[in-house]
Amino acid sequence: MISGRCAACKNQRRKCPSDCIFSPYFPANDPQRFACVHKIYGGSNVGKMLQEIPPYLRQEAADTLYLEAKCRIDDPIYGCVGIISSLYEQIQNAEIELAKIQTQIAFYKLQTQQQVEAEPNMEVLLSQSSNMGQFEWDNPTIASWFN
Amino acid sequence: MKGYEPRSSSSCAACKFLKRRCIPNCIFAPYFRSDECKKFAKVHKVFGASNVSKILVEVPEEQREDTVNSLAYEAEARLRDPVYGCIGAIALLQRKMVELQHDLAIAKDRLARYSAAAATTTTTTDATSIITSSSSCSDMFNINNSQVSLPPFPTSCSDFNDSGGFCHSSSSSQSFITTRHETTVDDFIQIPYIF
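Sequence order for the protein chains is A and B.
Our numbering puts the first residue of the first sequence at 1, with every later residue one more than the last.
Our numbering puts the first residue of the second sequence at 148, with every later residue one more than the last.
It is worth saying that the hints were derived from the structure and are not from the lab.
These numbers come from a predicted model, not from an experiment.
Don't take each hint at face value.
[To be verified] Keeping only pairs whose Cα atoms sit at most 20 Å apart, straight-line, the calculated SDA-like set for lysine to any residue is:
{"#": "1", "chain 1": "A", "residue 1": "LYS48", "chain 2": "A", "residue 2": "ASP19"}
{"#": "2", "chain 1": "A", "residue 1": "LYS70", "chain 2": "B", "residue 2": "SER200"}
{"#": "3", "chain 1": "A", "residue 1": "LYS39", "chain 2": "B", "residue 2": "ILE174"}
{"#": "4", "chain 1": "A", "residue 1": "LYS48", "chain 2": "B", "residue 2": "SER197"}
{"#": "5", "chain 1": "B", "residue 1": "LYS192", "chain 2": "A", "residue 2": "GLN51"}
{"#": "6", "chain 1": "B", "residue 1": "LYS192", "chain 2": "A", "residue 2": "ILE21"}
{"#": "7", "chain 1": "A", "residue 1": "LYS100", "chain 2": "B", "residue 2": "GLN248"}
{"#": "8", "chain 1": "A", "residue 1": "LYS39", "chain 2": "B", "residue 2": "LYS243"}
{"#": "9", "chain 1": "B", "residue 1": "LYS243", "chain 2": "A", "residue 2": "ILE96"}
{"#": "10", "chain 1": "B", "residue 1": "LYS189", "chain 2": "A", "residue 2": "ASN45"}
{"#": "11", "chain 1": "A", "residue 1": "LYS10", "chain 2": "A", "residue 2": "LYS39"}
{"#": "12", "chain 1": "B", "residue 1": "LYS201", "chain 2": "B", "residue 2": "PRO171"}
{"#": "13", "chain 1": "A", "residue 1": "LYS70", "chain 2": "A", "residue 2": "ASN29"}
{"#": "14", "chain 1": "B", "residue 1": "LYS163", "chain 2": "B", "residue 2": "ALA188"}
{"#": "15", "chain 1": "A", "residue 1": "LYS39", "chain 2": "B", "residue 2": "ASN216"}
{"#": "16", "chain 1": "A", "residue 1": "LYS70", "chain 2": "A", "residue 2": "PRO27"}
{"#": "17", "chain 1": "B", "residue 1": "LYS243", "chain 2": "A", "residue 2": "ILE101"}
{"#": "18", "chain 1": "A", "residue 1": "LYS100", "chain 2": "B", "residue 2": "ILE253"}
{"#": "19", "chain 1": "A", "residue 1": "LYS15", "chain 2": "A", "residue 2": "ALA28"}
{"#": "20", "chain 1": "B", "residue 1": "LYS243", "chain 2": "A", "residue 2": "ALA94"}
{"#": "21", "chain 1": "A", "residue 1": "LYS109", "chain 2": "B", "residue 2": "LEU251"}
{"#": "22", "chain 1": "B", "residue 1": "LYS255", "chain 2": "A", "residue 2": "ASN93"}
{"#": "23", "chain 1": "A", "residue 1": "LYS39", "chain 2": "B", "residue 2": "LYS192"}
{"#": "24", "chain 1": "B", "residue 1": "LYS189", "chain 2": "A", "residue 2": "GLY47"}
{"#": "25", "chain 1": "A", "residue 1": "LYS48", "chain 2": "B", "residue 2": "ARG227"}
{"#": "26", "chain 1": "A", "residue 1": "LYS109", "chain 2": "B", "residue 2": "LYS189"}
{"#": "27", "chain 1": "B", "residue 1": "LYS192", "chain 2": "A", "residue 2": "LEU67"}
{"#": "28", "chain 1": "B", "residue 1": "LYS201", "chain 2": "A", "residue 2": "GLY43"}
{"#": "29", "chain 1": "A", "residue 1": "LYS48", "chain 2": "B", "residue 2": "LYS192"}
{"#": "30", "chain 1": "A", "residue 1": "LYS70", "chain 2": "A", "residue 2": "ARG33"}
{"#": "31", "chain 1": "A", "residue 1": "LYS109", "chain 2": "B", "residue 2": "TYR261"}
[Said to hold, decoys possible] Here's a subset of chain B near chain A, in silico, CB distances under 10 Å, partners left out:
{"#": "32", "residue": "PRO171"}
{"#": "33", "residue": "PHE194"}
{"#": "34", "residue": "ALA224"}
{"#": "35", "residue": "GLN241"}
{"#": "36", "residue": "MET244"}
A virtual CB, placed ideally from N, CA and C, is assigned to each residue, including glycine.
Between the sequences and the hints, there should be enough to build the whole structure, so can you do that?
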């Protein structure tokens, strides 16, 4: 029945058998989908790839093949690899930035720790300085030097 | 006797694989050396020789090498993961990017809090300094109603490392990136397979 052909069989101008491997994944209402994969991979290669995959995974395989083919058509030189490369670069930059910020945080933590450790010493010195003043004025010998 | 042309030594990997004579202006020859049969075999299995030829004809000659290398990368990815191919890698990397952005947002927030706390602590220290006695004490603390100045922050992790600091890279950086140099599209062959 000609009207029941899938997009693949329509593209190939052949009869669409009842067990056509393409028909579940390349419906007639989306001819561009098969046209993309056919242009990049070729119909027979797509058929072979789908045959080697379990039926419950074929829909996802067909979807990813279509996406990759579309990427290659949009960017004939790099295809999907251009996207992968760009993502790697973004991840590298983000990791560098994260490392810098973590270093800054560690620096502030150290600074805070050093300030906390220095505060008891400050109290001791404050008490010592007040004691020194008392010592000077209570000690008549030293006090006499200034008189 | 017909002219004898030694085939195996001058044939490119594609023509060797396809068992045909390698003509002088073979479109595959510059990009599939005779010792790269596996590379062509993978590309042929996924894309087919005629499709590769059509793709190469459509791109400028100076970019054909990059095209072939990206096709080889995609073919390898598809053979390793017949269901998802390169799309699986993209999904993984996008997920990684989302996680990193989340971590960055948290880290920036923490840094802002520490920075604000440090500024507050500096102001508090000035307000509570009550030393009025010997000059030795004032020299020691050097507080003259001015803010305590922090040392200049290292501009790079390497600077901080030299001073015995705490610079450490994220533990996840090793899982995806094998080289630290900037990854340009020209270097995409260095991109590891993460399938």
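Structure-based check of all given hints:
1. At roughly 14 Å between alpha-carbon atoms, LYS48/A and ASP19/A fall within 20 Å of each other, so this suggested pair holds.
2. The suggested pairing of LYS70/A with SER200/B holds, with an alpha-carbon distance near 18 Å, which does not exceed 20 Å.
3. For the proposed pair LYS39/A and ILE174/B, the alpha carbon gap of about 19 Å is at most 20 Å, so the pair holds.
4. For the suggested pair LYS48/A and SER197/B, the alpha carbons sit about 16 Å apart, so the restraint of at most 20 Å is met.
5. Between LYS192/B and GLN51/A, the direct Cα distance comes to roughly 14 Å. Compliance with the 20 Å bound is thereby established for this hinted pair.
6. A distance of roughly 19 Å separates the Cα atoms of LYS192/B and ILE21/A; the hinted pair therefore holds under the 20 Å criterion.
7. For the hint pairing LYS100/A with GLN248/B, the CA-to-CA distance comes to about 14 Å; that is within 20 Å, so the pair holds.
8. With a C-alpha separation of about 32 Å, the suggested pairing of LYS39/A with LYS243/B is violated against the 20 Å cut-off.
9. Restraint check for LYS243/B and ILE96/A: satisfied, since their Cα atoms lie roughly 14 Å apart, inside the 20 Å limit.
10. For a cut-off of 20 Å, the pair hint linking LYS189/B to ASN45/A stands: about 12 Å separates their Cα positions.
11. Between LYS10/A and LYS39/A the CA atoms are separated by roughly 15 Å; this keeps the pair inside 20 Å, and the hint holds.
12. With a C-alpha separation of about 18 Å, the suggested pairing of LYS201/B with PRO171/B holds against the 20 Å cut-off.
13. At most 20 Å may separate the alpha-carbon atoms for a hinted pair to count; LYS70/A and ASN29/A meet this at roughly 18 Å.
14. For the proposed pair LYS163/B and ALA188/B, the alpha carbon gap of about 10 Å is at most 20 Å, so the pair holds.
15. Distance restraint check for LYS39/A and ASN216/B: the Cα-Cα separation of roughly 19 Å lies within the 20 Å cut-off, and the hinted pair is therefore satisfied.
16. For the hint linking LYS70/A to PRO27/A, the alpha-carbon distance of about 17 Å falls within 20 Å, and the restraint holds.
17. Restraint check: the Cα-Cα separation between LYS243/B and ILE101/A comes to about 18 Å, which is no more than 20 Å; the hinted pair holds.
18. Distance check on the hinted pair: LYS100/A and ILE253/B sit about 13 Å apart at the alpha-carbon level, within 20 Å; holds.
19. With a CA separation close to 13 Å, the supplied pair LYS15/A and ALA28/A stays within the 20 Å bound.
20. Annotation: proposed proximity of LYS243/B to ALA94/A holds, straight-line Cα distance about 10 Å (limit 20 Å).
21. For the proposed pair LYS109/A and LEU251/B, the alpha carbon gap of about 18 Å is at most 20 Å, so the pair holds.
22. Our distance criterion of 20 Å between C-alpha atoms is met by LYS255/B and ASN93/A, whose separation comes to about 15 Å.
23. Of the supplied pair hints, the one linking LYS39/A and LYS192/B holds, its CA atoms being roughly 15 Å apart against a limit of 20 Å.
24. Taking the CA atoms of LYS189/B and GLY47/A, the gap is about 17 Å. The hint holds against a cut of 20 Å.
25. For the proposed pair LYS48/A and ARG227/B, the alpha carbon gap of about 15 Å is at most 20 Å, so the pair holds.
26. The straight-line distance between the Cα atoms of LYS109/A and LYS189/B is roughly 53 Å, outside the 20 Å bound, and the hint therefore fails.
27. Under the criterion of a C-alpha separation no larger than 20 Å, the hint pairing LYS192/B with LEU67/A is consistent with the structure, at around 19 Å.
28. The straight-line distance between the Cα atoms of LYS201/B and GLY43/A is roughly 15 Å, inside the 20 Å bound, and the hint therefore holds.
29. Annotation: proposed proximity of LYS48/A to LYS192/B holds, straight-line Cα distance about 10 Å (limit 20 Å).
30. Restraint check: the Cα-Cα separation between LYS70/A and ARG33/A comes to about 9 Å, which is no more than 20 Å; the hinted pair holds.
31. Among the hinted pairs, LYS109/A with TYR261/B is consistent with the structure: their alpha-carbon atoms are about 8 Å apart, no more than 20 Å.
32. At about 25 Å, the closest approach between the beta carbon of PRO171/B and any beta carbon in chain A exceeds 10 Å, and the interface hint on this residue is violated.
33. The beta carbon of PHE194/B comes within 6 Å of a beta carbon in chain A, closer than 10 Å, and the hint placing it at the interface holds.
34. For ALA224/B, the suggested interface contact is upheld, since its CB lies about 8 Å from the closest CB of chain A, less than 10 Å.
35. A distance limit of 10 Å between C-beta atoms decides the matter here; for GLN241/B the minimum to chain A is near 7 Å, and the interface restraint holds.
36. Annotation: MET244/B was flagged as interfacial toward chain A, and the flag holds, the nearest CB pair being 6 Å apart, inside 10 Å.
The structure fails hints 8, 26, 32 (numbered hints given earlier, in ascending order).
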